[in-house]
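Residue numbers (my numbering), protein chains in the order written: chain A, 57 to 427; chain B, 57 to 427; chain C, 57 to 427; chain D, 57 to 427.
Treat the hints with care, as some may be off.
Stated by the list, open to error - For the chain D half of the interface with chain B, some residues (derived, Cβ under 8 Å), not all of them:
hint : residue
1    : Glu146
2    : Gly150
3    : Leu169
4    : Gly208
5    : Ala271
6    : Thr393
As the list claims (entries may be wrong) - Label-pair ranges, simulated between beta-carbon atoms:
hint : chain 1 : residue 1 : chain 2 : residue 2 : range
7    : D       : Glu146    : B       : Asp406    : 25 to 31 Å
8    : B       : Pro214    : D       : Lys348    : 37 to 43 Å
9    : A       : Leu293    : B       : Ala149    : 37 to 43 Å
10   : B       : Pro214    : A       : Gly299    : 53 to 59 Å
11   : B       : Asp216    : C       : Lys348    : 41 to 47 Å
12   : B       : Gly299    : A       : Lys286    : 48 to 54 Å
13   : C       : Arg183    : B       : His121    : 56 to 62 Å
14   : D       : Glu307    : A       : Thr212    : 17 to 23 Å
15   : D       : Gln101    : B       : Pro214    : 31 to 37 Å
16   : B       : Ala325    : C       : Ala283    : 50 to 56 Å
17   : C       : Thr212    : B       : His121    : 32 to 38 Å
18   : A       : Ala336    : C       : Thr212    : 43 to 49 Å
19   : C       : Arg183    : A       : Ala215    : 18 to 24 Å
20   : A       : Thr192    : B       : Asn295    : 20 to 26 Å
Just so you know, these hints were derived from the structure itself, not from any lab. Every residue, glycine too, gets a C-beta built ideally from N, C-alpha and C.
Protein chains: 4
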Amino acid sequence: MTTAELELATSNTGTLETGAATMKALVYHGPGKRAWENKPRPTIQDPGDAIVRITTSTICGTDLHILKGDLPSVTEGRILGHEGIGVIEEVGAGVSEFHVGDRVILSCITACLKCDFCKRSMYSHCRHGGWILGNTIDGTQAEYVRIPHADGSLYTFPADGDEEAMVMLSDILPTGFECGVLNGQVKPGDTVAIVGAGPVGLAVLLTAQFYSPAAIFMVDLDDKRLAVAKQFGANTLVNSADGNAARHVMELTKGAGVDVAIEAVGIPATFEICQAMVAAGGRIANVGVHGKSVELHLEKLWDRNISITTRLVDTATTSMLLKVVRSGKLQPGKLVTHRFAMNDIMRAYDTFANAAKESALKVVLTNGASH
Amino acid sequence: MTTAELELATSNTGTLETGAATMKALVYHGPGKRAWENKPRPTIQDPGDAIVRITTSTICGTDLHILKGDLPSVTEGRILGHEGIGVIEEVGAGVSEFHVGDRVILSCITACLKCDFCKRSMYSHCRHGGWILGNTIDGTQAEYVRIPHADGSLYTFPADGDEEAMVMLSDILPTGFECGVLNGQVKPGDTVAIVGAGPVGLAVLLTAQFYSPAAIFMVDLDDKRLAVAKQFGANTLVNSADGNAARHVMELTKGAGVDVAIEAVGIPATFEICQAMVAAGGRIANVGVHGKSVELHLEKLWDRNISITTRLVDTATTSMLLKVVRSGKLQPGKLVTHRFAMNDIMRAYDTFANAAKESALKVVLTNGASH
Amino acid sequence: MTTAELELATSNTGTLETGAATMKALVYHGPGKRAWENKPRPTIQDPGDAIVRITTSTICGTDLHILKGDLPSVTEGRILGHEGIGVIEEVGAGVSEFHVGDRVILSCITACLKCDFCKRSMYSHCRHGGWILGNTIDGTQAEYVRIPHADGSLYTFPADGDEEAMVMLSDILPTGFECGVLNGQVKPGDTVAIVGAGPVGLAVLLTAQFYSPAAIFMVDLDDKRLAVAKQFGANTLVNSADGNAARHVMELTKGAGVDVAIEAVGIPATFEICQAMVAAGGRIANVGVHGKSVELHLEKLWDRNISITTRLVDTATTSMLLKVVRSGKLQPGKLVTHRFAMNDIMRAYDTFANAAKESALKVVLTNGASH
Amino acid sequence: MTTAELELATSNTGTLETGAATMKALVYHGPGKRAWENKPRPTIQDPGDAIVRITTSTICGTDLHILKGDLPSVTEGRILGHEGIGVIEEVGAGVSEFHVGDRVILSCITACLKCDFCKRSMYSHCRHGGWILGNTIDGTQAEYVRIPHADGSLYTFPADGDEEAMVMLSDILPTGFECGVLNGQVKPGDTVAIVGAGPVGLAVLLTAQFYSPAAIFMVDLDDKRLAVAKQFGANTLVNSADGNAARHVMELTKGAGVDVAIEAVGIPATFEICQAMVAAGGRIANVGVHGKSVELHLEKLWDRNISITTRLVDTATTSMLLKVVRSGKLQPGKLVTHRFAMNDIMRAYDTFANAAKESALKVVLTNGASH
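Chain A on its own, in the form it takes in the complex (with noise of 0.2 Å):
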């Protein structure tokens, strides 16, 4: 991927109003062009709101999809990032599960509780929110946020937590666990592949763990994060630059398949290979954000008795996850590869931007020490 980004000169001081509050924050400008730039910090429009003075925040690569322009819902001003942990700074007559000061965990997904959708734990589709953060209002890469329906999109912190780790609660790791695990039923003494050993796939990795399947097969292009799966868990690697992955999971499982495929990825190409591979009776769980249709083989899948799932992320397993975290279970923090002053979020996005290059799988940005 290159992103020839032009950035912004980080001053634009003139245009805020006397008197009111600024911060810093991390500005889209429109396709290619982002800034870390003064912006006026946030305040409480309606009762269930909180805001927030965020202590540590991360880069998703949907932030980085947003950059090149291919979410038109995103628009130039917006500050991006949907991830981050903080401390609530102000609250909403309307919020009562939390208090200025607590220590707080940040959804990706904002949920309103009282909608349909709601009410079925289908946070995404919330009627008044879902994936809203960072995306059609300001986002968590800045100084200060603010959260509409607090109660619902924010989880407390544990005394005991350690905020690097605990980032990966706000998206990746629900990711991973509700699209590709939950939805992919693993089960002990299960097969399970998965292709794409990004963060997003590593994930998945950890979380299928929960409930252990007896194999997992990792695909890949990369044989270094193929590597890095292998540490993570992973019990056989697959490259998949011969065109061929398909071919070597049927063989590895003598012409079964897997019970389970994750298409961690995105694109046909990842599908296909999951399409290929699973067992009679198995799932397809897609975790990707696809930006094209994909060939489904109903003329060879009509009678295997498989299912396939899409899912955009819920977060309603936070409060799950946030126990197995704390049991010691799960070590989020094994996603981390790099770090940064918030203030050095420039130079955050450019490492990020060139993963494979710098061997990077999550690049964490703490705010700490400005306060």
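We have chain A already, so just place chains B, C and D on it with the hints.
Here is chains B, C and D on its own, set in the frame of chain A:
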């Protein structure tokens, strides 16, 4: 029970070995060619076999596909048919659950009960059976049939049963129920759309009502079929001839889409309709037999939290369906529109092959008259 | 919508502070004592509150228990009632899903939607709600009621609805459905026995039919109630007066027992019947409110592969039930046998307290006439 | 437990018919009496039978119950034992999945695979099998055993397996897993309490970890057993000798109670502990064999939304467990504390009967040396 059977008078043409008992059967002779002709009566080959005298059978849409030459697994000389009711004439030493003289329902799926798939109730993928009747072994459109793995492939015909109704339990009702209704997870209050009002779609319609959905939309090109669907319990009829079926359903559901979309045709266009009208959080259950791949719109569906399922019927619910039929809550006899003596099967095929013109749903064949 | 309400003319007896609006309400004054008397009209206390003008209410068996003094949580001076239909008069600043003038169904369970139990849809154990109406806060047998956490505790009354039927959705229908039918996992083809043909048992009976069981046995001491059950869809009636109910059911099921046994009384004898007639692999779903422990025959049941469930209704299925009612597949109005003006509630209680003699099921109260 | 068993002389040589092959076996001769004596070698009786030469067996707590005379179904002269590994010596004509020479794991449950219960995978209630080995037919504590319905009752011993470990798959591991873990629906992040740290409780403990619960509390009277539980993965040990086990667990869970309480003893006192510590919404899974009824506190539990389950092991998960063992995620060999030659079984029983004193968990018996 003593069965003093009349020797078959018709045409022992000399091709049969002396002394070998013969019978009449509907035989496939390559694309477009079928004959009602003499064949040797089947005999026990394995300890698990039963020989069943067929009293009632029927023709399936799949039989028409075979006659077109679409299924290479069916070779010339094969007796067709995978549905039937009959009386056991002989059992192998390993058959324990059935006895000579028992009246039985024949399942279209042969299940050894012992392999790994059978132990998971995935009889469709039985390593020693599956769909073999009238496919890779001789079938039920005959006077007699050999049923391998009889203990797993036969069901006791209820004392108070009606053969014409019960023969629908061989294939079409479990197909509609398992592949459509169970896989679609129809629940009380759901909105359900069934695409295809042929016999299988109507079987979905009848069995979907077990779960009290709030509304069932029936989609088809043919108003006559739709009118039948109305009688069978469909709430709303949508003629798809204008190419806007999905749009109509979306309007009828005020933009929400349906909780369950069931594909009961087997072509790309109808699968497309299902994708276009499934609600966020909904299920697409594929019932149709597909000859071509379809386009799957992951670019629209990746974040819609849906599932897509495929299934070859397992007939794992036959006992359940029998209970419901016997309770009077399901009246499968409704599906029968035409009746023929088995001897008249050539004409029956002609009728069924022109189902639209003849307003035919299921065509029942009886051997009874000749005994 | 503007509601110009008539000042209450009846008897502002001087005990109320000058200027305070009053209303009439059914007030508990200790065991055996109740009065229809003046009380202050409720006002908004918290941002999540709504004030609802009651148009229809009803009396629950639990209200009779309260009047006997069985529930220490209910203190003197409490307005009783936890069921009702009404019109919203006022909402707090935090209420977003409902507006003044909306016609609503009141749930007997108050749900904050934000606590850990609510997020699991276990509203009955809401940390800020649960069953509090007519229990620890004033209830619905009045002209007005304050509903805390209105967004989680109210449901939109459908435009085409019938108040008399819909008030059954406040408590009795979700109770029968959730505690009996869902917990009992009623499936098509199942045999189901319901012990107790009172209003709750009948609500189980009505909603069990959503799932097309093959047979429903109704067990009760009272032939009149059993006759009603027959009209409501029970297949077989078993009068338990001879002490042999379980034996009769075992004979009727040829020794197999029932797949689902539902206890809808709340005494040891009826729970005993359930244990004695549940099939291997079956479920006992407890609906009754028990005042004493029961004997559990683990010496007989330990190897029977059964489940026993308990549940306080969550009203988590109210939306689903609304859809089924609106589809015409459930007609809860059948449960209503008597109608009174709310002003006549003292007499309504007398009738309901003599349900057997009066052949009373549900007694509906309406405020409508006086407005 | 004191077992003053009269030891019969190992003789009886003259009772066997001339020419009949004999073998040694552990024979029950009424309460308190057992002998290692000559018996005729079993022969094929039905087409589904297999004759297995036992290489490894073990003793179950149930065998001790039999020896006390607690199980009237076991009559004098019966060979005990329902666990074992062996090699197939002979198969009946109806056996298709196994062959002479195959090394196999014997399931404690005999499954015909054909009856209604077997078709639901409820092998424990098989109409032609269930738990019959060492109960109503001769068992596995012998040199040879006849296994009826061999295709449903044997499992292929893996090439790389360890007999000592694998013999735990005959009974104890599926018992702990199915009756405790699966019925208790253990999920990632759950808190689980296991009451009883004997072999079965430890099997629950080992298999509960398949699902990554956040914490497992182990409750027992015996600190030595608790220490073993600690080594096996228990997070917190609770000695129940002070009669306050439930109170301790409630304190440890800050009043919430446990999501899953598993009873692995079989007496009223331990079932009482489970009731007192189960959380609202939780599950009590009974594993213990009960000789008496227990008091069920429905007066407290009716509104707690819990489930209570019972189950005789079905060994329906043996294939799954085999996969997990082979993956290295479960090491059942840990349960073995003592080893004896089969010839020395009388002494092995003495050791196992004094399990507490001997610190015995599972006692393994091997025939291997003599062949």
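How the hints compare with the structure:
no.	hint	in the structure
1	Glu146	16 Å, violated
2	Gly150	4 Å, holds
3	Leu169	4 Å, holds
4	Gly208	7 Å, holds
5	Ala271	31 Å, violated
6	Thr393	33 Å, violated
7	D/Glu146 <-> B/Asp406: 25 to 31 Å	56 Å, violated
8	B/Pro214 <-> D/Lys348: 37 to 43 Å	42 Å, holds
9	A/Leu293 <-> B/Ala149: 37 to 43 Å	51 Å, violated
10	B/Pro214 <-> A/Gly299: 53 to 59 Å	56 Å, holds
11	B/Asp216 <-> C/Lys348: 41 to 47 Å	45 Å, holds
12	B/Gly299 <-> A/Lys286: 48 to 54 Å	52 Å, holds
13	C/Arg183 <-> B/His121: 56 to 62 Å	59 Å, holds
14	D/Glu307 <-> A/Thr212: 17 to 23 Å	21 Å, holds
15	D/Gln101 <-> B/Pro214: 31 to 37 Å	33 Å, holds
16	B/Ala325 <-> C/Ala283: 50 to 56 Å	54 Å, holds
17	C/Thr212 <-> B/His121: 32 to 38 Å	49 Å, violated
18	A/Ala336 <-> C/Thr212: 43 to 49 Å	45 Å, holds
19	C/Arg183 <-> A/Ala215: 18 to 24 Å	20 Å, holds
20	A/Thr192 <-> B/Asn295: 20 to 26 Å	39 Å, violated
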